[in-house]
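**Q** Sequence:
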Amino acid sequence: MAETMTIRGDLDLVARTEHLFSSIREEFLCAVDDLSTWSHLAGGRAPDGGSHRVRKLCGAAALADERDRAHLRALVAGGAHVRIAATALPHETIIIDRRFAILAGVVTPGGREYTVTTGPALVGAVYALLEAAWATATDLEVFLRGEQPHLDARSRSVLRALGSGVTDEAAARELGMSLRTYRRRVAELLAALGADSRFQAGVRAGELGLNAEGARP
Numbered sequence: 001m002a003e004t005m006t007i008r009g010d011l012d013l014v015a016r017t018e019h020l021f022s023s024i025r026e027e028f029l030c031a032v033d034d035l036s037t038w039s040h041l042a043g044g045r046a047p048d049g050g051s052h053r054v055r056k057l058c059g060a061a062a063l064a065d066e067r068d069r070a071h072l073r074a075l076v077a078g079g080a081h082v083r084i085a086a087t088a089l090p091h092e093t094i095i096i097d098r099r100f101a102i103l104a105g106v107v108t109p110g111g112r113e114y115t116v117t118t119g120p121a122l123v124g125a126v127y128a129l130l131e132a133a134w135a136t137a138t139d140l141e142v143f144l145r146g147e148q149p150h151l152d153a154r155s156r157s158v159l160r161a162l163g164s165g166v167t168d169e170a171a172a173r174e175l176g177m178s179l180r181t182y183r184r185r186v187a188e189l190l191a192a193l194g195a196d197s198r199f200q201a202g203v204r205a206g207e208l209g210l211n212a213e214g215a216r217p
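Numbering-wise (my numbering), the sequence shown opens with residue 1 and increments by one.
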């Protein structure tokens, strides 16, 4: 393999790097915001721990879907270490034994572009950045047990209405509220979520792992 190469498309990435996942000796480290990014590699899962260490660093957005939370919990049950990053991850990355690094580029209409490198300086620099992010991240279960706003049944209904995109008038009628009461409930919900806008409230609810019923699994 060349010291650094660019690969375009998931299929080519699998063909060129699949052998790396059977050669892990010490550590598999993965950083991801979207759990689907690496789903086509290693059979759609992190390699089994075996005699090596498996660590997965995720952005909070990865917890927005209940199935993704269940997947991460299953990884922990299988011996992997999973933490949630304190800030958004600038690059989704896989590092194997500090020998190989795979960095995912942005999604484009022509497919995703990946950079694969064995250059010691580049691999070491990326590893150091991920180590710094890992040190400030929170263990998955601790994060999931963390404080979240208490939403009563009415607040959960308002959250669901906001997510549906209907007008305030239509939402108020559906929920059997006056328009004034509905808007007051919206204001209370934004305050509970620490959001400055309705859009931000939706993002914040996803970050906290709140589903349509307003509770974590």
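Think of the hints as simulated: they come from the structure by calculation, not from any bench. C-beta: ideal position from N, C-alpha, C; glycine also. Be careful, since some hints might not be right.
Unchecked claim - Ranges of calculated distance between the beta carbons of each label pair, as one might list FRET restraints:
1) L11 / R184: 50 to 58 Å
2) H19 / L175: 55 to 63 Å
3) F199 / D97: 17 to 25 Å
4) L122 / T181: 16 to 24 Å
5) L129 / L175: 40 to 48 Å
6) M5 / V142: 33 to 41 Å
7) V203 / V107: 28 to 36 Å
**Q** Compare the structure with each hint and give your call.
**A** Here's how the hints hold up against the structure:
One distance hint, 50 to 58 Å for the beta-carbon pair L11 and R184, holds here, with the actual separation near 53 Å. Checked against the hint of 55 to 63 Å, the pair H19 and L175 passes, with Cβ atoms roughly 56 Å apart. In this structure the hint that F199 and D97 lie 17 to 25 Å apart at CB is violated, the actual value being about 42 Å. Take L122 and T181: their Cβ atoms lie about 58 Å apart, and the range 16 to 24 Å is violated.
Against the hinted window of 40 to 48 Å, the Cβ-Cβ separation of L129 and L175 comes to about 47 Å, which satisfies the hint. Against the hinted window of 33 to 41 Å, the Cβ-Cβ separation of M5 and V142 comes to about 38 Å, which satisfies the hint. About 19 Å separates the C-beta atoms of V203 and V107, a value inconsistent with the hinted range of 28 to 36 Å.
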